[in-house]
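Using the sequences and the hints, build the whole thing.
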Amino acid sequence: MANKKTTNIILFSGDYDKAMAAYIIANGAAAYDHEVTIFHTFWGLNALRKDEQINVQKGFMEKMFAKMMPRGADKMGLSKMNFAGFGPKMIKDIMKKHNAMTLPQLIEMAQEQEINLVACTMTMDLLGLKEEELLENVEFAGVAAYLADAEDGNVNLFI
Amino acid sequence: MANKKTTNIILFSGDYDKAMAAYIIANGAAAYDHEVTIFHTFWGLNALRKDEQINVQKGFMEKMFAKMMPRGADKMGLSKMNFAGFGPKMIKDIMKKHNAMTLPQLIEMAQEQEINLVACTMTMDLLGLKEEELLENVEFAGVAAYLADAEDGNVNLFI
Amino acid sequence: MANKKTTNIILFSGDYDKAMAAYIIANGAAAYDHEVTIFHTFWGLNALRKDEQINVQKGFMEKMFAKMMPRGADKMGLSKMNFAGFGPKMIKDIMKKHNAMTLPQLIEMAQEQEINLVACTMTMDLLGLKEEELLENVEFAGVAAYLADAEDGNVNLFI
Chain A
1 MANKKTTNII LFSGDYDKAM AAYIIANGAA AYDHEVTIFH TFWGLNALRK
51 DEQINVQKGF MEKMFAKMMP RGADKMGLSK MNFAGFGPKM IKDIMKKHNA
101 MTLPQLIEMA QEQEINLVAC TMTMDLLGLK EEELLENVEF AGVAAYLADA
151 EDGNVNLFI
Chain B
1 MANKKTTNII LFSGDYDKAM AAYIIANGAA AYDHEVTIFH TFWGLNALRK
51 DEQINVQKGF MEKMFAKMMP RGADKMGLSK MNFAGFGPKM IKDIMKKHNA
101 MTLPQLIEMA QEQEINLVAC TMTMDLLGLK EEELLENVEF AGVAAYLADA
151 EDGNVNLFI
Chain C
1 MANKKTTNII LFSGDYDKAM AAYIIANGAA AYDHEVTIFH TFWGLNALRK
51 DEQINVQKGF MEKMFAKMMP RGADKMGLSK MNFAGFGPKM IKDIMKKHNA
101 MTLPQLIEMA QEQEINLVAC TMTMDLLGLK EEELLENVEF AGVAAYLADA
151 EDGNVNLFI
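For the protein sequence lines, the chains are A, B and C, in the order given.
Reading the first sequence from the start, the letters are residues 1 to 159 in the numbering used here.
Reading the second sequence from the start, the letters are residues 1 to 159 in the numbering used here.
Reading the third sequence from the start, the letters are residues 1 to 159 in the numbering used here.
Treat the hints with caution; some may be incorrect.
Same chains, same label: a pair holds when it works inside one copy or across any pair of copies.
[What the hints assert, rightly or not] Below are the BS3-like pairs computed for lysine-lysine, each with C-alpha atoms no more than 27 Å apart in a straight line:
hint, residue 1, residue 2
1, 80, 92
2, 96, 63
3, 130, 50
4, 89, 75
5, 75, 5
6, 50, 80
Everything labelled a hint here was simulated from the structure, so no lab data went into it.
In structure tokens:
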């Protein structure tokens, strides 16, 4: 038990393709019996947003951010060749053709594999995101918790 | 032998400057006697494309991706200040002036130093890239092979 | 002493938000008694530029780069939703409201915590940046120094 290998991924990016890469590595590591944590910070938090609108009280700036940021994994753009939203559609069509898992499916699989999905409380506060706007079974923590995991980790990545 | 240090880089990015950074670190680590692997996934695969057109059968979407993505390291853009292709030219002019190695030269050096250049089969499939379109002496593997290397690695980076 | 934990961050990005993430992790790790190094390379060097103009002799290309790149941490753009400079202003307003530390304050704190701020000499040369254009108490080193630190590091990240 004490020497179970661990993978700790910081997901900073809000890009669909980068989040896919993060979740593919995470699911792979869980399948190889690693203890896996994905720490979502900044734009990476968008992967954890519920896709419906949640009524919570927000200030003006927080409302603007909430409006401008994608609501959930399925609405995120690509890091390259986004073409005003056409790129993600192309990628998703190709993924369907190849029976590849979509990002929402990869996140669901991660939850089934008991990967720790953590939302960074400091950036939630900054971007005005409330706990009830994020998926169920997400943990809330700060950079100290990340470091406690990562300092003994085998695979540490910033994506 | 058993305790040879290892460096494992995931090259996700298709940017000229980021790929340069990856290959500079990799070549440095090989010079310091690390076992080095660069695992090319998503847009990072473009660094391994041959610069001529290779005739392979592709579906419509795969053809479109193949056309839109840069064919080989020399044609990749910058992550910052790309200015519709003017940025890479500026950088290359400056590199020439300083006798710095270009990305194609860094890749050649990596092959001479026996750095393992791996292409991610899952994203090759997704982007419709065939083995014969990539450079010689490239290995083909998936995320499981990456994790097997990385879990005992000294320097693991996602670029 | 010999087993003090270490965190080694390569800051490649010139984005305000990514640099913030790097410095927040670094300051956190230093607070938990890690030996911390941030190795600034490529656009990440801009975080270390002094905000006033320094008179140094440069060639034409170096002058152009110097003009186009942000002069210091406070002038860097966002990786997402930059909106021609409006995004950074929004983020800074929100940070002020939440009493969050700005990037220049995070850098100052890093220096107080004796985090090693290293500037990559190879890319300084390439981008035409001179030692006197960067902040005081910055070290100058190359990829070999980075690898020597990172190969025994606990948390190695590329940002």
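Hints breached by this structure: When the structure is compared with the hints, only number 5 turns out to be violated.
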